[in-house]
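Visitor: As given, the protein sequences belong to chains A and B, one line each in that order. According to our numbering, the first sequence is numbered sequentially starting from 1028. According to our numbering, the second sequence is numbered sequentially starting from 24.
Read the hints as simulated data drawn from the structure, not as lab findings. Just so you know, even glycine gets a beta-carbon here, dropped at the ideal spot from N, CA and C. Some hints could be false.
Claimed, not checked - The following label-pair restraints were derived from C-beta to C-beta distances: (1) G1625(A) / G217(B): 56 to 62 Å; (2) G1055(A) / A96(B): 33 to 39 Å; (3) A215(B) / P1611(A): 49 to 55 Å; (4) G126(B) / T1034(A): 42 to 48 Å; (5) G1625(A) / R152(B): 49 to 55 Å; (6) R152(B) / P1370(A): 51 to 57 Å; (7) A221(B) / L1578(A): 42 to 48 Å; (8) G126(B) / R1032(A): 29 to 35 Å; (9) A215(B) / D1619(A): 23 to 29 Å; (10) P1511(A) / G150(B): 54 to 60 Å; (11) R1640(A) / E85(B): 55 to 61 Å; (12) L62(B) / R1389(A): 46 to 52 Å.
Claimed, not checked - Here are a few chain B residues that face chain A, going by a calculated C-beta distance under 10 Å: (13) L48; (14) G115; (15) C116; (16) R144; (17) R165; (18) E166; (19) A168; (20) P169; (21) P197; (22) G200.
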Amino acid sequence: MPPVRRTVRTVCPRNCYCSCGMLVTVEGGRIVRIEGDPKNPATGGHVCLKGLSYARRISTDQRILTPLRRTRGGTFERVAWEAALTDIAERLDRLRRELGPEAILYYEASGSHGALGRLAVAFWRQFGGCTLTYGDLCWPAGLEATRLTYGLNHHNHPRLTRRSRFILLWGHNPAETNVHQMRLILEAQEAGARVALIDPRATDTSDACNLHVKPRPGTDAALALGLARVIVDANLHDRAFLDRHAAGVEPFLERLREYPADRVAAITGIDAAAIRDLAREYAATKPALLIAGFGLQRHHRAGQTMRAVALLPALTGNVGVEGGGWQYANLASHVLRDPPLPPEPPAGRRAIPISRLGPAVREAVSPRIAGMWIEKGNPASQNPRSGVVKDAIRALDLVVAVDQFHTDTTALAHYVLPAKSMFEEEDLVTAYWHPYLQLRAKIFESPGEVKTETEIWRLLGDRFGFDTGCFPTDTRELLRTMLPGDGAALLEALAEGPVDPSGLGDVAFADGRFPTASGRVEFSSAEAARLWGVDPVPEYAALAEGHESPLAGRFPLQLLTCKTRERIHSQFGNLDWVRDVERPHVLDIHPDDARPRGLREGSRAAVWNERGRIEVTVRVDHGIRPGVVHILEGRCHQLDPEVNLLTGAGVTDMNHGATFYECLVEVARA
Amino acid sequence: MTGAGFMIDLNRCVGCGACVLACRLENSWGSGNPWRRVLPLNLRRHPGGPTYFLSVACHHCEEPACLKACPSAAYEKRADGIVVHRDERCLGCRYCEMACPFGAPRFDPALAIVTKCDFCRSRVNRGERPACVAACPTEALRERAPEPPGGGRASVPGFVDPAGCRPSIRFGVPRSGRRAALLAAAEEALAAAGRRRAARGDV
């Protein structure tokens, strides 16, 4: 009899644009095939190399399968769940009694998306509270800028990309970070669309583009306002759209007087003629789609920058149009309700900014932070100022890290608890490029002694005498309660394929309704001024740590630490299947910057600033803008450079984001 | 199907590597002998030529050097064009590995034989597409269409047939963007170099 084969529909839960629908075929307890779910119209019948590598990820012997306790010698030893949880509970309780519940920092990051992650709150509320983090390392300034401008983070259905005649990619690299979107862009291009890119780097995306301009990092607001000025001067703005749907246009037009092309050219380092050409082509070709990435909002001026950029589609009447639009993030699938949770404790609530994790943990008083519980994250390598983060974690009395694999963070933990994989618990997964909510299937029982986080909270809660009814064994019933409307019916539909639960439709803002304060697209935002203390009209201001700052005298190169195809932050790079195909993490540097420093292809270079120093191998890159250097982020291997020793722990002007790309360095031969 | 071989559209390929992982999952090869590789060309982005990605495996040649070099008749060119390596006949002598100019057959130390891409013949026999083709997110990698009309070119800058193998791979050339412009420049440079060689009387 042939072995039983079964194919299960599930979804990739990584922090990625794609949230691919997947069909996983299992035979004899092994994954034998992974395909894209054709029922997901955005990702189609395909997944990326990371999705395919799951077959390796669940079979590798690197997986942590039992609780581990750090010994005095710094190595880890196996320990039984019973002993681990009893000791952890006693130590948590002692810290709570001696210092108060806020002495414990509960830290979660984006390592695995799923609604059940919210259950941790049920534990900490019963604990009497704890310290949490606020803000986000990735994208919050752009989200807030979009909300302030359009009222909502929604955008056109991905397939409508094919209808575009002009696609402007701004700080975005879909060939490496959203390959399904790149396919749609290439299809539009084959049908006659022109594709332009604004990015200081040459990337696998730039090779396919018809036009590429390379501004200095941090000058995008000036570029956006300069483009707007050219558009308005050439009378290429959509007056009818503005009359019907925009508010605050007059002060915006007034602001544009400050941004003639010559001044913008001096700020951005792009020829005035190229600025004029790009502006005219974008405004004159309809429909035009503007897709912004996250990179251009990773500095202090992030929110105002993103507001300036986000206004261009409205200025040109490309909003509410098939094939047009503003694409940043689509939160149409973010409709889940909280699970039933115990009430918030009256006291015992404190939060620290996630982008300042290291300094904030060290500086916390009354009480000091003495313990840390870390889930779905690897702050020791992934957060800015990772050297400070590591020192802060090392100084704690109790660190518990829950993970599937060893990381720079688990190395600092007193206890490492084995985390489930995406195949071992059913859950609901939202997306942020396409509008689909998807069901993650339970395909395997957890191997070894692995327990789901839900069960870890339940067992730990038992030791404290908490109400553990919050951590149910019937996952499906809990998921039903988190769905809007008729949860049972929606759950059934989700078992058959992805569902857009929003009712917002495929063309964002097609009805001309913008849920802002004015009900219109806000070119001037009193709310932005009130909430964030910024000018109501977006403006350019130089970065504190940018090309014009005094610090640039000593550290003249702007360091970008971008993402690429093989990893999601510090995930996947531990697998041989992935390492065999990935490009090495090198320093990309223009020949004009390499030559005077005596650097050649393959040289070892030292890269440093006042925060830290690392060594890395050089790749001479003719495509990167002179004055800019680049190293991939995402350290999950001892050989990867520790780039976040260099990055700064600043906070964006809006919504508490991180400032990874506001980072000056100098480079020399190591 | 006749003339089995791959067609890679260099306008569509973004070098994502999904084809390699799909091949590995389907065919279970180890780190030392990949059946498929993605070769990024001009990744330093010198303006003298295009940057593009060659996703390559066995080219299932019309005149396979591996087959000619094999002393144990382990290779067979099937009627449908697939060049099959019959593992049970392989001596592990590695003559084919030396003969193939494209590095397709590779010695697997664990098995002590040579292995290579077989165009996923078990999938193809079931009416499925090769794993790499099925996985390609941009649909850049396809089965080669029958010729004529077929389409695609037998050679692009960076790929030549040095040993008269007549590889069955075909290339779709970059049609737009920076890649297309630089391809034209590189081909002009190659043609000019050829004319200079001819003028000097070089072979």
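Visitor: All hints are to be evaluated individually against the structure, with a verdict given for each.
Guide: Right, here's what the structure says about each hint:
The beta-carbon spacing between G1625(A) and G217(B), approximately 37 Å, falls outside the hinted interval of 56 to 62 Å. For G1055(A) and A96(B), the hinted distance range of 33 to 39 Å is satisfied, since their beta carbons lie about 34 Å from each other. For A215(B) and P1611(A), the Cβ-Cβ distance of about 34 Å falls outside the hinted range of 49 to 55 Å, so the restraint is violated. Look at G126(B) against T1034(A): about 35 Å separates their beta carbons, and that is not inside 42 to 48 Å.
Restraint check, G1625(A) to R152(B): a C-beta distance of roughly 51 Å satisfies the suggested window 49 to 55 Å. Separation of R152(B) from P1370(A) is about 56 Å and conforms to the stated range, judged on CB atoms against 51 to 57 Å. Evaluation of the 42 to 48 Å hint for A221(B) and L1578(A) yields a failure: the beta carbon distance comes to about 57 Å. Between G126(B) and R1032(A) the C-beta distance comes to about 34 Å, which sits within the given range of 29 to 35 Å.
At roughly 28 Å, the beta carbons of A215(B) and D1619(A) sit within the given window of 23 to 29 Å. Under the hint 54 to 60 Å, the C-beta atoms of P1511(A) and G150(B), about 42 Å apart, miss the expected range. Distance hint check for R1640(A) and E85(B): the Cβ-Cβ separation is about 56 Å, which falls inside the suggested range of 55 to 61 Å. For L62(B) paired with R1389(A), a C-beta distance near 47 Å keeps the hint of 46 to 52 Å intact.
Hint on L48(B) holds. Least Cβ distance to chain A is approximately 5 Å, under the 10 Å limit. Nearest Cβ of chain A to the Cβ of G115(B): about 23 Å, over the 10 Å cut. The hint is violated. Of the supplied interface hints, the one on C116(B) is violated, with its beta-carbon coming no nearer than about 26 Å to a beta-carbon of chain A, more than 10 Å. About 16 Å separates the beta-carbon of R144(B) from the nearest beta-carbon of chain A, more than 10 Å, and the hint is not met.
Here the hint on R165(B) is broken, as its CB sits about 14 Å from the closest CB of chain A, past 10 Å. A cut of 10 Å between beta carbons decides the hint on E166(B): the least distance to chain A is about 16 Å, and the hint is violated. Checking A168(B) against chain A: minimum C-beta separation of about 17 Å lies over 10 Å; hint violated. Because the smallest distance between the Cβ of P169(B) and any Cβ of chain A comes to about 23 Å, over 10 Å, the interface hint for this residue is violated.
For the restraint placing P197(B) at the interface with chain A, the shortest Cβ-Cβ distance is roughly 8 Å, inside the 10 Å limit, so the hint holds. Because the smallest distance between the Cβ of G200(B) and any Cβ of chain A comes to about 5 Å, under 10 Å, the interface hint for this residue holds.
The structure fails to meet hints 1, 3, 4, 7, 10, 14, 15, 16, 17, 18, 19, 20 from the earlier list, while all remaining hints are met.
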